[in-house]
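> Sequence:
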Amino acid sequence: MSELLAMTLVFVYGTLKRNFPNFHINTGTRIDGIFCTKNHYPFYLVGGRYIPWLVLDEGKGHQVKGELYKVDQNTMDNMDILEAIGEPDGYQKVQLPIASINDITVGSEQEVLATVYMKMPSQLQSADIRLGPLKEYTAEHASLYRPRHL
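Residue numbers (our numbering): 1 to 150.
You may find that some hints are simply not true.
[Stated by the list, open to error] Computed spacing ranges between beta-carbons, pair by pair:
#, residue 1, residue 2, range
1, 31, 88, 31 to 39 Å
2, 81, 7, 13 to 21 Å
3, 31, 126, 16 to 24 Å
4, 140, 24, 14 to 22 Å
Just so you know, the hints here were simulated from the structure itself, not pulled from any lab data.
For each residue, glycine too, the CB sits at the ideal point set by N, CA and C.
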C-alpha cells in the first residue's frame with residue numbers, strides 16, 4: 001500500500017514518450033489510452049537541439065497529446081535531472097488537468113491531475129523557436145532532437 005502512495009501521475013508529451021529518445025529514463029507504468037491537456041497550451045520545438053517545450057500559457061496553442069504514466073520517486077528524480085528542475089533554464093513541474101482523447105471526443109468531463117514538465121512564458125521570450133505551435137510530438141520531430149551530450 002505504501003508503494004501505491006508513492007506513485008505520481010506524470011503526463012509526458014515529448015522525448016519521454018514510449019519509443020522516443022529519452023524513454024529509457026521513464027521506467028513508469030503506462031496507463032492505457034491517449035491523453036491530452038484539458039486546456040490549450042503552446043507547444044514548440046526550440047533551439048538547435050529541437051527540444052520540446054510545453055509553455056504554461058493557458059488558452060494559447062492546442063490541446064497537446066501525450067501519454068500518462070504512474071511513476072515512483074526514483075523515476076521522478078531521474079526525470080527531474082533530465083528536465084533540469086531547479087536550474088535557471090530548466091522546466092517547472094506543474095499540476096494540470098489531463099483528459100483521455102476518447103473522453104474529449106464524446107464530451108465527457110472525466111479528467112485527472114498529473115505532473116507535467118513545462119517552461120514558463122518568460123523563458124519563451126528569448127527562445128529560438130524552430131517549429132510550432134504543435135498538437136503532438138511525432139517520430140518526425142524526434143528525429144530532429146539532439147541530446148545534450150551531442
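> Each hint needs a verdict: does it hold in this structure or not?
So, going through the hints one by one against the coordinates:
1. 31 x 88: 31 to 39 Å: 33 Å, holds
2. 81 x 7: 13 to 21 Å: Taking Cβ atoms as reference, residue 81 and residue 7 lie about 19 Å apart, which means the hint holds.
3. 31 x 126: 16 to 24 Å: Roughly 35 Å apart at Cβ, these two residues miss the hinted range, so it is violated.
4. 140 x 24: 14 to 22 Å: Taking Cβ atoms as reference, residue 140 and residue 24 lie about 21 Å apart, which means the hint holds.
In summary, the structure is inconsistent with hint 3 from the numbered list given earlier, while agreeing with all the others.
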